[in-house]
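Chemist: Chain C: place on chain H using the hints.
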Amino acid sequence: RKEVEQDPGPFNVPEGATVAFNCTYSNSASQSFFWYRQDCRKEPKLLMSVYSSGNEDGRFTAQLNRASQYISLLIRDSKLSDSATYLCVVSVTGGFKTIFGAGTRLFVKA
Amino acid sequence: DVKVTQSSRYLVKRTGEKVFLECVQDMDHENMFWYRQDPGLGLRLIYFSYDVKMKEKGDIPEGYSVSREKKERFSLILESASTNQTSMYLCASSTGTGDFAQYFGPGTRLTVL
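Order-wise, the sequence lines are chains H and C. So the first sequence is numbered by our numbering: it starts at 134 and just counts up by one. So the second sequence is numbered by our numbering: it starts at -13 and just counts up by one.
Quick caveat, the hints were computed from the structure, so don't treat them as lab data. Please note that a few of the clues may not be correct.
Stated by the list, open to error - Which stretches of chain H does chain C cover? Using the computed rule of at least three CB atoms under 8 Å from a CB of chain C, they are:
hint, region
1, 176 to 189
2, 234 to 240
To be verified - With a straight-line cut-off of 25 Å between C-alpha atoms, the simulated BS3-like cross-links for lysine-lysine are:
hint, chain 1, residue 1, chain 2, residue 2
3, C, K(-11), H, K178
4, C, K(-11), C, K39
5, C, K57, C, K4
6, C, K56, C, K4
7, H, K175, H, K242
8, C, K(-1), H, K175
9, C, K56, H, K230
10, H, K230, C, K39
11, H, K135, H, K230
12, C, K57, H, K230
13, C, K43, C, K56
14, C, K41, C, K56
15, H, K135, C, K43
16, H, K178, C, K43
17, C, K43, H, K230
18, H, K230, C, K41
19, C, K(-11), C, K56
20, C, K(-11), H, K230
21, H, K178, C, K57
22, C, K(-11), H, K175
What the hints assert, rightly or not - Label-pair restraints from in silico Cβ distances:
hint, chain 1, residue 1, chain 2, residue 2, range
23, C, T72, H, D210, 36 to 42 Å
24, H, P147, C, T72, 35 to 41 Å
25, C, L27, H, N198, 24 to 30 Å
26, C, V(-2), H, N198, 45 to 51 Å
27, C, S68, H, E148, 43 to 49 Å
28, C, V(-2), H, L207, 39 to 45 Å
29, H, R192, C, G49, 41 to 47 Å
30, H, D190, C, R0, 42 to 48 Å
31, C, T(-9), H, D210, 33 to 39 Å
32, C, S(-6), H, G191, 33 to 39 Å
33, H, S201, C, L99, 44 to 50 Å
Think of the CB as a built atom: it goes at the ideal place given N, C-alpha and C, for glycine as much as any other residue.
Okay, chain H solo, but in the shape it has when bound (with noise of 0.2 Å):
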């Protein structure tokens, strides 16, 4: 069983719809959580971090639950500009230990 493990997708949505993305993590000690959008032949970079208590960043919410392990993203009303891979991670013993997940691809339609 892979550490950090999403769904690749693709997701195909059009403009303005709401898309959420989900991510499970093998590791219970984990303490650190992100989500990075990474576009093609570029860098990840960081979307935001994710909290026990949830948080949100416009359009992006995130919520972390971890009793089941589970980290989610959602994406309201869609731009085209959010088309992009998605990366889940996590992060153990003090960020020296971080599992990169392998991404679920976005594709927003007009």
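Modeler: The following block gives chain C in isolation, referenced to the frame of chain H:
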């Protein structure tokens, strides 16, 4: 904003050459990392460093070495480049406190012929 820079965006080398990839961060981060990213394999950690002159092996250190003589600079060295080291190389840095989010440089696409 955190800025992580890498010495080259594209690099072409020949088999057997010694290759140096340099990474510099301007945020006084304690931790620095080198990854490679290949299609279908995702990001894989080569080495990381949590302090000057300190280094730890990641998941795939074979064929690579690193150097961290100054806090802001972390170098990846391919002692004798091979074709299977053709890849995208990404450097990242993070603080030693807080949530340890990593910030990436733009990457170096290395081709070994």
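Chemist: Hint by hint, note whether the structure agrees.
Modeler: To see whether the hints hold, each was checked on the structure:
Check result for the region 176 to 189 of chain H against chain C: holds, 5 residues qualifying (beta carbon to beta carbon below 8 Å, three or more required). Closer than 8 Å: that is the beta-carbon criterion, and the region 234 to 240 of chain H has 3 residues meeting it against chain C, so the requirement of 3 holds. A C-alpha spacing of about 12 Å is found between K(-11)(C) and K178(H), which places the hinted pair at or below 25 Å, so the restraint holds. For the suggested pair K(-11)(C) and K39(C), the alpha carbons sit about 22 Å apart, so the restraint of at most 25 Å is met.
Straight-line distance between C-alpha atoms of K57(C) and K4(C) comes to about 23 Å, which keeps the hinted pair within the 25 Å bound. A C-alpha spacing of about 21 Å is found between K56(C) and K4(C), which places the hinted pair at or below 25 Å, so the restraint holds. A threshold of 25 Å between alpha carbons decides the hint, and for K175(H) with K242(H) the separation of about 21 Å falls inside it, so the pair holds. Only pairs whose Cα atoms come within 25 Å are accepted, and K(-1)(C) paired with K175(H) is accepted, the gap being roughly 21 Å.
Under the criterion of a C-alpha separation no larger than 25 Å, the hint pairing K56(C) with K230(H) is consistent with the structure, at around 22 Å. For a cut-off of 25 Å, the pair hint linking K230(H) to K39(C) stands: about 19 Å separates their Cα positions. Of the supplied pair hints, the one linking K135(H) and K230(H) holds, its CA atoms being roughly 14 Å apart against a limit of 25 Å. Taking the CA atoms of K57(C) and K230(H), the gap is near 20 Å; set against the 25 Å cutoff, the hint holds.
With a C-alpha separation of about 19 Å, the suggested pair K43(C) and K56(C) falls inside the 25 Å cut-off, and the hint holds. For the given pair, K41(C) sits about 13 Å from K56(C) by alpha-carbon distance, which is consistent with the 25 Å threshold. With a C-alpha separation of about 20 Å, the suggested pair K135(H) and K43(C) falls inside the 25 Å cut-off, and the hint holds. Annotation: proposed proximity of K178(H) to K43(C) holds, straight-line Cα distance about 24 Å (limit 25 Å).
With a CA separation close to 11 Å, the supplied pair K43(C) and K230(H) stays within the 25 Å bound. The straight-line distance between the Cα atoms of K230(H) and K41(C) is roughly 13 Å, inside the 25 Å bound, and the hint therefore holds. For the hint pairing K(-11)(C) with K56(C), the CA-to-CA distance comes to about 16 Å; that is within 25 Å, so the pair holds. As the CA atoms of K(-11)(C) and K230(H) are separated by approximately 22 Å, the hinted pair is consistent with the 25 Å bound.
About 22 Å separates the Cα atoms of K178(H) and K57(C), which keeps this hinted pair within 25 Å; it holds. Proximity of K(-11)(C) to K175(H) is assessed by CA-CA distance (about 15 Å); at most 25 Å being required, the pair is judged to hold. Separation of T72(C) from D210(H) is about 40 Å and conforms to the stated range, judged on CB atoms against 36 to 42 Å. For the pair P147(H) and T72(C), the supplied restraint of 35 to 41 Å holds, since their beta-carbon distance comes to about 38 Å.
Between L27(C) and N198(H) the C-beta distance comes to about 28 Å, which sits within the given range of 24 to 30 Å. In this structure the supplied range 45 to 51 Å holds for V(-2)(C) paired with N198(H), their Cβ-Cβ distance being about 46 Å. Taking the beta carbon of each, S68(C) and E148(H) are about 45 Å apart, inside 43 to 49 Å as hinted. Taken as a hint, the range 39 to 45 Å holds for the pair V(-2)(C) and L207(H), whose Cβ atoms sit roughly 42 Å apart.
Restraint check, R192(H) to G49(C): a C-beta distance of roughly 43 Å satisfies the suggested window 41 to 47 Å. Our hint of 42 to 48 Å for D190(H) and R0(C) holds, since their Cβ atoms are close to 46 Å apart. In this structure the supplied range 33 to 39 Å holds for T(-9)(C) paired with D210(H), their Cβ-Cβ distance being about 34 Å. Here the CB-CB span from S(-6)(C) to G191(H) is close to 35 Å, well matched to the stated 33 to 39 Å.
Our hint of 44 to 50 Å for S201(H) and L99(C) holds, since their Cβ atoms are close to 48 Å apart.
Comparing the model with each earlier hint shows no violations; every hint is respected.
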